[in-house]
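Take each chain as given, in its own frame, and dock them per the hints.
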Amino acid sequence: MTGVLAQLGSFFNTNVAHAATEAVEHAPEAAEHASGIHVVLKAEEVFNLAGFPITNSLLMTLVTSALLIGFAFFFRKKLAMVPGKLQAGVEMLFEGVLNYMAETLESRELARKFFPLIMTIFLFVLVANQLAFLPGVGSLLVEHGGAAVPLFRAPAADLNMTLALAIIAFLVIEITGVVVLGFFKYAGKYVNFSSPVNFVVGIIELLSNIGRLISFSFRLFGNVFAGEVMIAVALFFVAYLLPVPLMAFEVFVAFIQAVVFAMLTLFFIKLSIMDPHGDEAH
Amino acid sequence: MESEGAQLIAMAIAAGLGVLGPGIGIGLIGGKAMEAIGRNPEASGKVVSNMILAIVFAEALGILALVVSFIIRFVG
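Chains B and W, in that order, are what the protein sequence lines are.
With this note's numbering applied, the first sequence covers 1 to 282.
With this note's numbering applied, the second sequence covers 1 to 76.
So that you can see chain W by itself, here it is in the shape it has in the complex (with noise of 0.2 Å):
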């Protein structure tokens, strides 16, 4: 297999395999934060802000993975 093909294949897995879990993740968070809000209204300055500092961690790790397949398409 050439390298060129593989660095494409390579890429493209990287890429999405490694968004696959902080989507879900991110998911799951905006919904408990929905969740949190319905039941209590009031709170829900606290709870976004607090729901805004976990999605940025989990989407980090996506950000890492799409960072990795730059680096395997660009460099080198």
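Next comes chain B alone, as it looks inside the complex (with noise of 0.2 Å):
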């Protein structure tokens, strides 16, 4: 029985003692796993379809697009002309960004052109940022490449769609601008050689509407990401508690971030149709 017993405590402790050498020698990459804080800028690719990557934002974008669209499909089958619930609260929603659009960029008809671009990104973005919320989105792993690598993740949290969402916004605003006042006098805005302090100003102004690129993209990415990183590590420190309220406010910072995005977006477009001297008109 003693002999057991002894079998039993020497095994244990070689075990230890030799875990503990091993763990004192890994220690560096130890702490790395330990820490179990799984921060990746870039997302990581979940399967190949014939050579082309599906990273797991990709197919979290995927999902929203389904999501949106099913839904958009759902909502005409029920339209009616007495409204329910659901087609009052969207009508509000939709009423009432229509009201602000046509607020903002004085015109009824341009209101109504930009209506379709303004919502979209800010459905897209609100409902991408807020399903990265649900359980399973982060956690749910699966095998690829030899490492376990999550199946879903926050779309914004990939500078990937946050820079195409941000190309797409910059595109519209450049061409409205030259659709609406003409090329030359939209260039006329940023190249003038009236003055040289026109001329620097204009192109500092050229410059910083190529910055509206990186500052689109990065804005959003840099609150979802820095929220992601943010959850994670409370996660370490107090796994079920500490990241309630933290959650709480990243749910509201993705709604805020969706509603400047679109919001900019839609600044920028009223700031490029206006026409050049339109302050010296008072």
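Misleading hints may appear alongside valid ones.
Stated by the list, open to error - With a Cα cut of at most 27 Å, we get these calculated DSSO-like pairs of lysine-lysine: (1) B:78 to B:113; (2) W:32 to B:270; (3) W:32 to B:85; (4) B:189 to B:113; (5) W:46 to B:113; (6) B:185 to B:113; (7) B:77 to B:113.
What the hints contain is simulated information worked out from the structure, not anything from laboratory work.
Quick look at the structure:
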């Protein structure tokens, strides 16, 4: 009996000692793994579709799009002259946004023209951000390339997605300015030789226009990615309790970022269609 | 100085100093907005929505600094 215990004891002792020395040797890597803070800047590939890598954030954007399109078709079937609660809610939202756009753009038909774009940007970013708080997003793991990667990931935490939206917004803003004002009048806003000061100001405006690409993409990316990192770190400290207020804050931040992206696109469209010397018309 | 240690220090300095300016900026914007609402409570809707817009611009710079610090640490 004692012999067995002694053997067990020695077994545990040697195992523990062995594990301890191993832990000390591999401490730096163990710290990285034991910390469990899975922070990657780049979205991981989940599977391959004929050579085209499908990353987990791309998968999430597909889910978001499917959700939005499915809801659109479902809603269309349920349209009635006397609105039910859901229809009244959606109408209120659309009406509110359309009125705000008409007020900002000072033209009802321009508001109508840009409404689909602005509303799509808003709804897409909103749903994509909020879906990231569902259980399973970020925690459901699949095996790919020998490592366990999350199957879903917040799309806005991937710089590719936010950059794509920023490029779309940038192109719409520039092309709108060119179409509404005419190419030379629009170019005249940025490159005008009326005076040296105006010339420099024009160049700075041109650079700030291009800088919008970076600012749009990094604002959304930074907010969502920083929120993800914050929640991951909070998970490491107090697993079930600490992330809750942080996630509540992140829900709010996700909503605000969706509003801001759409609103800023709207404002920059307004700025680009404004007359060059609109202020002097007072 | 080892690369890993330098990375950590650089990441901390980038994030810490980077959010200093936007923090002060957001505080100023919020303060002025509060003042404006106090003087004219009826305009609070317009003031608040413009305040959010201005805060978002200031915050974007802070987020930029944060992203730079992440890049220093986790990339290369």
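To see whether the hints hold, each was checked on the structure:
1. A hinted pair counts as satisfied when its Cα atoms are at most 27 Å apart, and residue 78 of chain B with residue 113 of chain B qualifies at roughly 25 Å.
2. Our distance criterion of 27 Å between C-alpha atoms is met by residue 32 of chain W and residue 270 of chain B, whose separation comes to about 26 Å.
3. The hinted pair formed by residue 32 of chain W and residue 85 of chain B fails the criterion: a straight-line CA distance of about 39 Å is larger than 27 Å.
4. A distance of roughly 24 Å separates the Cα atoms of residue 189 of chain B and residue 113 of chain B; the hinted pair therefore holds under the 27 Å criterion.
5. Annotation: proposed proximity of residue 46 of chain W to residue 113 of chain B holds, straight-line Cα distance about 25 Å (limit 27 Å).
6. A C-alpha spacing of about 22 Å is found between residue 185 of chain B and residue 113 of chain B, which places the hinted pair at or below 27 Å, so the restraint holds.
7. With a CA separation close to 24 Å, the supplied pair residue 77 of chain B and residue 113 of chain B stays within the 27 Å bound.
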